[in-house]
Each structure stands twice: as structure tokens, then as C-alpha cells.
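A.B. asks: Sequence:
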Amino acid sequence: MKQPKIAVVTLGHYIYFAQFEHLREDLMAKTADFIDMIKKEDCEIVDAGYVDCVDDAFRATKLLKKEDIDLLFVLLSTYVPSAVCAPFARYLDVPQVLVGIQHLDHLDYAHTTTYMQLVNDDVCAMPEISGVYERLGRDIPACLVCAKGKPEVVEKEVGEWIAAARAMAGFKYETFGYLGHTYEGMYDMHTDPTAFTRTFGAHVKMLEMCELARLADEASESEIEGEIERITETFQICDPSHDPLTDFVKREDLAYSARCSVALHKMVENNHLTALAYYYKSEAGNPYEMLGANLILGNTLLTSAGIPLAGEADLKTAAAMLIMKNVGGGGSFAEIHPFDIVDDVVLIGHDGPHNIRIAEGRPRLRKLKKYHGKSGSGIGVEFSLKAGPITLLSIGVNRNGKFRMVVAEGTSIAGEIPQTGNTNTRVSFGMPVCDFLSAWCEAGPTHHLALGTGHHMGALRKFAKIAKIELVEVKSHV
1 MKQPKIAVVT LGHYIYFAQF EHLREDLMAK TADFIDMIKK EDCEIVDAGY
51 VDCVDDAFRA TKLLKKEDID LLFVLLSTYV PSAVCAPFAR YLDVPQVLVG
101 IQHLDHLDYA HTTTYMQLVN DDVCAMPEIS GVYERLGRDI PACLVCAKGK
151 PEVVEKEVGE WIAAARAMAG FKYETFGYLG HTYEGMYDMH TDPTAFTRTF
201 GAHVKMLEMC ELARLADEAS ESEIEGEIER ITETFQICDP SHDPLTDFVK
251 REDLAYSARC SVALHKMVEN NHLTALAYYY KSEAGNPYEM LGANLILGNT
301 LLTSAGIPLA GEADLKTAAA MLIMKNVGGG GSFAEIHPFD IVDDVVLIGH
351 DGPHNIRIAE GRPRLRKLKK YHGKSGSGIG VEFSLKAGPI TLLSIGVNRN
401 GKFRMVVAEG TSIAGEIPQT GNTNTRVSFG MPVCDFLSAW CEAGPTHHLA
451 LGTGHHMGAL RKFAKIAKIE LVEVKSHV
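For what it's worth, this note's numbering labels the leading residue of the sequence shown as 1, then goes sequentially.
If you are wondering where the hints come from, they were derived from the structure by calculation, not from laboratory data.
Predicted, not measured: the structure shown is a model, and the values here were computed from it.
By construction, the Cβ of each residue, glycine as well, lies at the ideal position given by its N, Cα and C atoms.
Some hints here could point you the wrong way.
Ranges between beta-carbon positions, derived for each pair [as the list claims (entries may be wrong)]:
hint, residue 1, residue 2, range
1, D139, P287, 45 to 53 angstroms
2, R214, V145, 28 to 36 angstroms
3, K369, K65, 55 to 63 angstroms
4, E184, G137, 43 to 51 angstroms
5, D192, T234, 54 to 62 angstroms
6, E360, V145, 37 to 45 angstroms
7, M116, H272, 50 to 58 angstroms
Build the full structure now, drawing on both the sequences and the hints.
C.D. replies: And the structure:
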């Protein structure tokens, strides 16, 4: 997982330090406490030092520009004139958070000194500084205000900001592959690659089936045998179920899926891909029909290794899966399946690609004689997500052509799922399932989504602010 570069700069007011002995040292201690806290997160830290005048602010700004940071925490240690913060607003085009963590939960008013007030004046300059961002034509930063006596609140907020920065950094200088074309007639799948780059920053590279076919032909027997061994160690191979479309998984089925998996891994490696969206509808008997139909095992292994793959060439959901992975939810390709008003759950899943790292128990393989709505036949992957909190993230496009996120939180409930060679997770939303589904559909999502473990609404809100994407929350009562 790519580490984001998280910068911290602490601001003060130099005039105070000639007036109050030891004040600068006491205020600088806040920086050490804050950095110790963010060291717990998976990130690279850049400390721009303690800045108490405009000259120091210019120095720190130049340093941060060279460091190519992903997020800046501006730590306000006491009152500071807004001119000291203005260079960060004017010259740094990165997401910023103003932080005011007051030293005391409350003042002992009868015994408070001016010195004590200055040590606890973390928020005094925040309105002034926010207003100056506006006057300079910059986005007003998020403002994190809390007392030191509530470390759990501060750590949660800071952790979510770093998770959001990690999710955005996941697109930075990266390439998404696009193989084939969208599923015919799915208007919600179409994505403008240039708009994608504008929003997320990643390049979209067009790929061809002939490259994948060549790599499959070139796969050696030793590579195929090694992949078969990995597959049989990872998955439980199942006999046919009650569904007449299921069949026995034969050695030749495993061998061909393994060959396709080897080819898919090489295509990702050769093209330096961070993620891939793919779909190919073949004429019956076309050489690419069997190839396109046998990518589920390979794309599941890649997704589970941190390279999200989205079926039906849904580039937006490949982005959603990458975001979900980087905020800590894993992220599996999914859509809404039938609901159950007896158990008050809805099944959410798909026929691939999946993330077996967030599976409940050992994932299963089933041979399918045909894929409903698609060409060919092959091996399917079947499992549910781990029981517990889950998050749904759908990325679509609004009426103005801009990306938008639709998000909900629910709970994965352990229980039986159909034995159809697809993933399916029983999800409850703490309200009647039909009410939730109505609310979800009325929010205007796409039919695909990234399904992840854990509740990540806080981090996704912050990602939406960083990426400047509209976010719609579908409320539940979990």
C-alpha cells in the first residue's frame, strides 16, 4: 500500500517569546505530541518545523513544495497573525487541515494567568486564518478543534484524514488499465478517461485483448502449475450445487484459469497498472471468448493482492475499490441482489472480481456452465464478507458530468447464501430492508459498488472533500 506524505507545520507568534520565558518551548511540545500520534498511522511524515514569522513561513513553504506532500496539518499552538499562514494557502495546492488542540479541558478561572491563556489559545486565530484562505481564493481548510483531554476524538479525526489522504495518494502518478469496452446498454458504466484524470489524477491506459492472449499463450507449464498450486491452497473446490448451471471443476478448468491468471498478472505488471477495468463480449467460438470468460480467478487474486479489478469495464468502480482498500475496507466488486423481508437483509455480491482477504471463511470455487448475461463458461468464486460492520461505496456521474459518491454503512450478517458461484453477503441496515433499498436507489448510485468491511463514512467524507467530489450519504440506523 502506498504511503501518503503527511506534513505538519506548527505556527506561533514570535512577539510573545521575548515577553514570556519558556513559552516557545511549551508550545513546541505540542508538535512533538501531535507527531507521536500520527506515527501510529501508515504514512510518511514531513515535519516543517515551528514557524513564528513570515520569513519562516516562506522557508517552510519552499520545503513542503519540494517534498510533494499529500496533506498538510497546520497546527495552531497559540494566537498567530494570519500572514504567517498565508504562504501555505497561497503556494501549496494540497489539502490542508487547521488543527487547534487546546492543552486544557477547562481553565481554573480564578488562577488563570496570561501565560496560561496563551498556551490554550489554539483556536484564537482559526477564524482569522480561515477568512484569509477565502480572501486568497483558496478552499477554506477543514478545522479540527478539540481538547487534549479527548485523545480518542483527536486520533479518530486525524486517522480519518490520513486514510483519506492515503486513498487520494493511491491515484497519484498511477495508471488504470482499460481493457475492452463497457457492457452493452449499461449507460451508468460509461466513463470519460479525461474526466477521470481530472478528478483522480491517474492516467487511463487503453489495453487490447491480443496482448492478453499473447501473454496467455506464452505462459509456461511451470508458471501454470505454480498458479494451480496457489489456487488449490487458497480455495475450496466444490461439487455442483442445486443450481443446474453448476458443474464439476476439472483439472483442465483449473489449468486454463491458471493460465489466464498468469497472463493477467503479467499484463498488470508489464503496464505498471494500479487497477484495471475490463469486459469483452465475444462472438461464440471467437478465440477470445474462452479467455475473457476465465479471468475471474486471476482478477480475484489480483484484487486480493491490492490491485483492484472491476468487471463490465466499470472504471468508476475500480476507483471505488481502490479508495475502499486504502481507507482500510478491502473492497470487493458488488451490486444489489435479491432481498429478504423475513430476515430483513439484502444480498449484495457479484460474479467477480472479489477480495478474498475480507471473506468469511475459506472462499469456494464452482464451475459454471454459463455466465448469466455474458459469453462463455468457467470457474466462479463464492463467499460472503466477514460478519460485522460494512460500507458500500458507489461512484457515479451527476447531471453536470462530474463524479459523485454514494455511501452507506450497514452490517454483514452471517448466514446461508445461494450456491451459485457468486459472492453474496447478507447485509442489514438497521431499518426495514425495503426502506433502505428505496433510499439507496433514490440517491442515484450506479448499479455497481465497492463493498468493504468496517465503517468508513468519516474517512470517505474527508476523501470527498480532498477530491472535491459530491458525497451523498444514505442514512441507516446501525
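A.B. asks: Decide, hint by hint, whether the structure agrees.
C.D. replies: Okay, the hints, checked on the actual structure:
1. Between D139 and P287 the C-beta distance comes to about 51 angstroms, which sits within the given range of 45 to 53 angstroms.
2. A hinted range of 28 to 36 angstroms for the beta carbons of R214 and V145 is inconsistent with their spacing of about 58 angstroms.
3. A hinted range of 55 to 63 angstroms holds for the C-beta pair K369 and K65, which are about 59 angstroms apart.
4. Checked against the hint of 43 to 51 angstroms, the C-beta distance between E184 and G137 comes to roughly 45 angstroms, which is consistent with it.
5. The hinted window of 54 to 62 angstroms between D192 and T234 is violated, with their beta carbons roughly 37 angstroms apart.
6. For the pair E360 and V145, the supplied restraint of 37 to 45 angstroms holds, since their beta-carbon distance comes to about 40 angstroms.
7. Look at M116 against H272: about 55 angstroms separates their beta carbons, and that is inside 50 to 58 angstroms.
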